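Just so you know, the sequences run in chain order A and B. The first sequence begins at 1 in my numbering and counts up one residue at a time. The second sequence begins at 386 in my numbering and counts up one residue at a time.
It is worth saying that the hints were derived from the structure and are not from the lab. Among the clues, some could well be false.
[Unchecked claim] Partial list, derived from the structure: chain B residues whose beta carbon lies under 10 angstroms from chain A:
1) P391
2) L485
3) R665
4) I753
5) F757
6) V829
7) P830
8) G835
[Unchecked claim] Listing some non-contacts, in silico: residues in chain B with all C-beta distances to chain A over 12 angstroms:
9) A416
10) I515
11) R561
12) R569
13) R746
14) K780
15) L798
16) A801
17) Q826
Bear in mind that the values here come from a model prediction, so they are computed numbers and not experimental data. Here a beta-carbon is modelled for each residue, glycine too, at the ideal position from N, C-alpha and C.
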Amino acid sequence: MNQELNTTAQISVPSARKKAPYSKLRKARYGYYGIAFALLFFILAQFAASYMVKLDTVYKHRLNYDMFLADSKVMGIVVDEMARHIKDNGLTNYAILIGNSVAWGTNESSDHSLGRYLSDNATADGDGKLQAVFNLSAPSIMAGDAYTLLLMLDERGIKTDNVMIGLTYSSFVEASPGVRKVFWLGDDLKKADPATFKKVLPHLEANGYKNVTGWKGTEHNAIEAITDWVPVIKYKTVIPEAIKAMGKESDVMGDPRAWNEKKFSEKWITSPQYLNFFSPEPFNMTDSNWTVYFMNRIAEHQQGKRLFVFVAGSNGELSKKEVTNPGYVANMEKIDSYLAELGVDYVTLQDRIDPNLFTDHVHLTKEGNELLARIIWDAWTGKGA
Amino acid sequence: MLFNSPTFLIFLAAVFALYYAFPRGRMIILALANAAFYAYAGVGYFLLFFAIVASVYFISKGLQGPKGKLALGLGLAVVLANLLFFKYSMFLLENIESMLGMTFSLQGTAFADRSIALPIGISFYSFQLIAYLVDVHRGKLKPSRSLLEFWVFISLFAHSAAGPILRGNDFIPQLRKISSILFRTPRVKLGLAFILLGLFKKVVIVEQIAPYVNDYFSKAQTLSGVESWIASYLFAFQIYFDFSAYSEMAVGIGFLLGLRLDLNFKTPYLSANPAEFWRRWHITLSQWIRDYIFIPLGGSRVANWRIYANLIAAMTISGIWHGAAWTFIIWGLYHGLLSAGHRLYDKGIKRLGWKDALNNRIYKVFSIFVFFHLTVVGWVFFRANSWSDAVYMLKKMTMMDGIQFTKQHLLLLAVAAGLYLLHILEYIVVSRFKRWSLAWQFNVPSIVRGAVYAIIAIVLLFLLMKGESSSFIYFQF
Numbered sequence: 001m002n003q004e005l006n007t008t009a010q011i012s013v014p015s016a017r018k019k020a021p022y023s024k025l026r027k028a029r030y031g032y033y034g035i036a037f038a039l040l041f042f043i044l045a046q047f048a049a050s051y052m053v054k055l056d057t058v059y060k061h062r063l064n065y066d067m068f069l070a071d072s073k074v075m076g077i078v079v080d081e082m083a084r085h086i087k088d089n090g091l092t093n094y095a096i097l098i099g100n101s102v103a104w105g106t107n108e109s110s111d112h113s114l115g116r117y118l119s120d121n122a123t124a125d126g127d128g129k130l131q132a133v134f135n136l137s138a139p140s141i142m143a144g145d146a147y148t149l150l151l152m153l154d155e156r157g158i159k160t161d162n163v164m165i166g167l168t169y170s171s172f173v174e175a176s177p178g179v180r181k182v183f184w185l186g187d188d189l190k191k192a193d194p195a196t197f198k199k200v201l202p203h204l205e206a207n208g209y210k211n212v213t214g215w216k217g218t219e220h221n222a223i224e225a226i227t228d229w230v231p232v233i234k235y236k237t238v239i240p241e242a243i244k245a246m247g248k249e250s251d252v253m254g255d256p257r258a259w260n261e262k263k264f265s266e267k268w269i270t271s272p273q274y275l276n277f278f279s280p281e282p283f284n285m286t287d288s289n290w291t292v293y294f295m296n297r298i299a300e301h302q303q304g305k306r307l308f309v310f311v312a313g314s315n316g317e318l319s320k321k322e323v324t325n326p327g328y329v330a331n332m333e334k335i336d337s338y339l340a341e342l343g344v345d346y347v348t349l350q351d352r353i354d355p356n357l358f359t360d361h362v363h364l365t366k367e368g369n370e371l372l373a374r375i376i377w378d379a380w381t382g383k384g385a
Numbered sequence: 386m387l388f389n390s391p392t393f394l395i396f397l398a399a400v401f402a403l404y405y406a407f408p409r410g411r412m413i414i415l416a417l418a419n420a421a422f423y424a425y426a427g428v429g430y431f432l433l434f435f436a437i438v439a440s441v442y443f444i445s446k447g448l449q450g451p452k453g454k455l456a457l458g459l460g461l462a463v464v465l466a467n468l469l470f471f472k473y474s475m476f477l478l479e480n481i482e483s484m485l486g487m488t489f490s491l492q493g494t495a496f497a498d499r500s501i502a503l504p505i506g507i508s509f510y511s512f513q514l515i516a517y518l519v520d521v522h523r524g525k526l527k528p529s530r531s532l533l534e535f536w537v538f539i540s541l542f543a544h545s546a547a548g549p550i551l552r553g554n555d556f557i558p559q560l561r562k563i564s565s566i567l568f569r570t571p572r573v574k575l576g577l578a579f580i581l582l583g584l585f586k587k588v589v590i591v592e593q594i595a596p597y598v599n600d601y602f603s604k605a606q607t608l609s610g611v612e613s614w615i616a617s618y619l620f621a622f623q624i625y626f627d628f629s630a631y632s633e634m635a636v637g638i639g640f641l642l643g644l645r646l647d648l649n650f651k652t653p654y655l656s657a658n659p660a661e662f663w664r665r666w667h668i669t670l671s672q673w674i675r676d677y678i679f680i681p682l683g684g685s686r687v688a689n690w691r692i693y694a695n696l697i698a699a700m701t702i703s704g705i706w707h708g709a710a711w712t713f714i715i716w717g718l719y720h721g722l723l724s725a726g727h728r729l730y731d732k733g734i735k736r737l738g739w740k741d742a743l744n745n746r747i748y749k750v751f752s753i754f755v756f757f758h759l760t761v762v763g764w765v766f767f768r769a770n771s772w773s774d775a776v777y778m779l780k781k782m783t784m785m786d787g788i789q790f791t792k793q794h795l796l797l798l799a800v801a802a803g804l805y806l807l808h809i810l811e812y813i814v815v816s817r818f819k820r821w822s823l824a825w826q827f828n829v830p831s832i833v834r835g836a837v838y839a840i841i842a843i844v845l846l847f848l849l850m851k852g853e854s855s856s857f858i859y860f861q862f
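Throw the hints in and build the complete structure from the sequences for me.
What follows is the structure, given as structure tokens:
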């Protein structure tokens with residue numbers, strides 16, 4: 001130990017005062033050096049945080065769901081980092097994939113997810129080769145979130161020339177009440193398209209969304225604007241989650257085994273949540289169905305650009321009773337007709353993937369994701385038509 | 386506006402800057418800041434608060450005149466009526482209904498849901514107003530010179546929500562010299578240290594243990610004996626760290642503005658008896674109870690049985706002050722009984738000639754251990770959601786049903802033990818604060834100090850911005 005420290009640590013204040021010159025004591029009490037250094041280190045920490053967070057901190061073939069779950073603002077960070085990555089690498093020809101948990105790859109790791117295989121297909125030499133496919137899917141993403149994401153991409157200058165939207169049958173099931181059709185990004189929609197937000201607000205509020213207005217709203221926005229300028233706060237979820245993830249061997253979320261190697265309880269198969277997924281009630285395919293409304297808005301947004309839609313299928317064995325229900329079959333036909341009328345490229349996948357490649361009623365195994373990626377890519381390039 | 390919210394920190398920075406930029410306008414700046422702070426919680430309640438303060442101010446003009454008693458009665462009536470209505474009316478109604486065995490219909494009234502939202506800090510400002518009225522009436526305090534001065538005194542944002550309860554004699558003279566307060570670096574540093582200490586207690590300690598406490602007390606009737614003790618231990622530390630965090634931040638804000646606010650806590654769980662505990666726990670409330678309830682009731686200058694009765698009555702009133710529920714009343718009564726019991730015990734020890742034993746170190750440690758556990762038992766009444774929950778938990782805490790530990794129990798007991806060690810550490814640091822603070826500034830290179838400050842600031846910012854700021858427990862009183 002430093003001799004001076006050792007000595008002074010043992011002395012009392014009166015003796016310290018006796019020994020130390022008054023000017024030194026005064027400097028210690030009145031000095032600003034400590035605070036000035038604190039300020040300097042604080043500023044340096046901001047640069048360090050900005051430097052530390054890159055696209056691969058928040059994204060690996062798909063966004064980091066643990067981070068997103070802890071703070072839905074992470075979607076904005078992913079988009080920001082994507083914009084930086086695109087700019088830094090001079091990318092011009094890429095596609096954006098937006099879908100729900102099927103497209104994200106629930107029950108599988110990022111290395112075995114749809115995003116990874118689609119990226120592999122798209123960047124391999126061949127027809128329609130792309131420089132990259134960015135997968136902005138996440139569990140529970142709805143059509144309203146997808147529309148909002150497109151607006152967020154526009155705002156950051158990310159091209160939306162090639163967009164793939166992943167839906168499921170359940171996307172069209174109406175909430176009465178239930179899952180709101182802008183599930184995650186209500187606040188972002190409010191900023192990006194206030195008119196649309198105002199229109200959809202009653203539906204959102206009826207399904208658990210809290211619209212902060214007035215003074216509280218102004219306060220909320222002001223705090224957000226300030227904190228966006230302070231990287232250690234902006235990345236308050238990302239940095240701890242990234243540190244936590246360092247020790248993890250795999251980022252798999254759920255059980256990757258095929259459904260027939262697992263047990264599904266009677267309780268789960270008869271739960272309202274499960275049954276609602278396959279609701280056979282006739283779909284209303286007009287603008288008053290919020291999924292249709294947002295899909296129409298997406299189609300409008302993509303005028304003159306490429307838009308491809310895939311509707312993932314459900315497990316024909318595990319959910320046989322539900323997917324063979326005449327109501328379900330009729331609704332699938334309605335979805336087909338709607339997408340055909342919308343004039344976009346699309347593919348519906350019910351019964352096109354072997355039930356053995358499902359991990360549950362809708363999510364896919366590694367091989368299932370590989371096959372789905374192949375089907376999508378073939379349809380995208382026109383080979384599978 | 387919560388002290389542990391980003392909005393408050395921005396508000397404080399703005400007030401601080403304006404305060405030192407315009408020394409002559411300080412009273413106006415503080416008056417407006419107080420109004421903004423209170424109006425943030427609700428404009429209606431701000432208007433009510435201001436109306437009460439203004440009424441008391443004008444009534445107090447007559448306190449030293451020929452109709453002083455009438456003015457005092459009127460002033461007390463205004464303050465107590467406001468407090469009774471907002472805090473106790475529904476409780477009284479429910480008890481009257483219970484006694485009569487009937488229910489009055491409130492349908493069609495503003496109270497159809499049988500609840501009245503409590504204005505923030507109502508108990509604190511009511512006690513402060515009562516002290517002011519009584520002191521001016523007794524001639525111990527000169528009335529405030531202006532409504533502006535009175536408003537700043539009563540409503541100062543640093544303490545209006547949860548104390549400390551300020552006395553006119555201490556605080557009004559400070560306000561009269563406010564424009565001559567200079568910016569002094571050591572004092573501002575001390576203020577920042579207190580604010581950081583409070584923030585640390587709130588976001589690092591309280592926020593982490595609160596979920597366990599809430600979970601345990603929400604399922605009180607399913608707890609085992611061990612779990613009941615864990616819940617009570619953790620709540621003891623939750624309420625201490627929560628309330629002392631607020632109070633220390635209040636003191637820190639005072640230092641930033643060059644104003645002295647009294648400390649409300651002095652490591653109370655190191656008390657060996659009730660008298661010591663109340664000199665270390667919520668000190669300004671204890672002093673208020675002593676000066677305006679216990680002494681007027683006769684204090685210690687009456688017959689022995691009256692002293693015991695006065696102690697019990699004063700502590701029961703303290704319990705009622707905390708909240709309109711029987712659990713709070715029982716908690717106050719329990720502490721009154723502890724105080725009376727200790728007085729009796731103390732007299733007995735002295736009569737037996739064992740006075741020296743009281744100064745024995747082992748006896749002292751044993752007393753602290755016993756009294757800490759008696760305090761923990763009291764917290765069960767304070768925190769339990771109902772009387773039956775409290776009784777159930779206390780029955781379980783006798784451990785008559787056997788003792789069984791799980792890994793989580795051991796972990797939480799270790800957390801409680803760790804918190805107690807932290808409490809001891811706090812005592813050591815506070816008692817040597819001046820010396821250590823000077824040694825820290827004098828001996829540690831500024832670059833190292835700067836790095837430590839930056840790390841603390843970043844960690845606190847991380848935790849502060851992590852989620853919704855939770856309220857301080859004493860805001861509800």
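Each hint tested on the structure:
Because the closest C-beta pair between B/P391 and chain A is about 5 angstroms apart, less than 10 angstroms, the hint holds. Taken as an interface hint, B/L485 does not check out: its beta carbon lies about 42 angstroms from the nearest beta carbon of chain A, beyond 10 angstroms. About 24 angstroms separates the beta-carbon of B/R665 from the nearest beta-carbon of chain A, more than 10 angstroms, and the hint is not met. For B/I753, the interface hint is violated, the least distance from its beta-carbon to any beta-carbon of chain A being 27 angstroms, above 10 angstroms.
The interface hint given for B/F757 is broken, as the beta carbon of that residue sits about 31 angstroms from the closest beta carbon of chain A, more than 10 angstroms. At its closest, the beta carbon of B/V829 sits 8 angstroms from a beta carbon of chain A; the interface hint therefore holds under the 10 angstroms criterion. For B/P830, the interface hint holds, the least distance from its beta-carbon to any beta-carbon of chain A being 9 angstroms, beneath 10 angstroms. A hinted interface residue such as B/G835 counts as satisfied when its beta carbon comes closer than 10 angstroms to some beta carbon of chain A; here the least separation is about 2 angstroms, so the hint holds.
Its beta-carbon lying about 21 angstroms from the closest one in chain A, B/A416 satisfies the requirement of being farther than 12 angstroms from that chain. Distance to chain A confirms B/I515 as a non-interface residue, since its nearest Cβ pair spans about 33 angstroms, more than 12 angstroms. At the 12 angstroms boundary, the C-beta of B/R561 stays outside the reach of chain A, the nearest C-beta of that chain being 27 angstroms off. With a minimum CB-CB distance of about 8 angstroms to chain A, B/R569 fails to clear the 12 angstroms threshold, and the non-interface call is violated.
Its beta-carbon lying about 24 angstroms from the closest one in chain A, B/R746 satisfies the requirement of being farther than 12 angstroms from that chain. In this structure B/K780 is separated from chain A by more than 12 angstroms, as the shortest Cβ-Cβ distance comes to about 36 angstroms. Every Cβ of chain A is farther than 12 angstroms from the Cβ of B/L798; the closest lies at roughly 27 angstroms, confirming the non-interface assignment. The beta carbon of B/A801 sits about 26 angstroms from the closest Cβ of chain A, which is more than 12 angstroms, so the claim that it is off the interface holds.
The beta carbon of B/Q826 is not kept farther than 12 angstroms from every beta carbon of chain A, the shortest such distance being approximately 4 angstroms.
In summary, the structure is inconsistent with hints 2, 3, 4, 5, 12 and 17 from the numbered list given earlier, while agreeing with the others.
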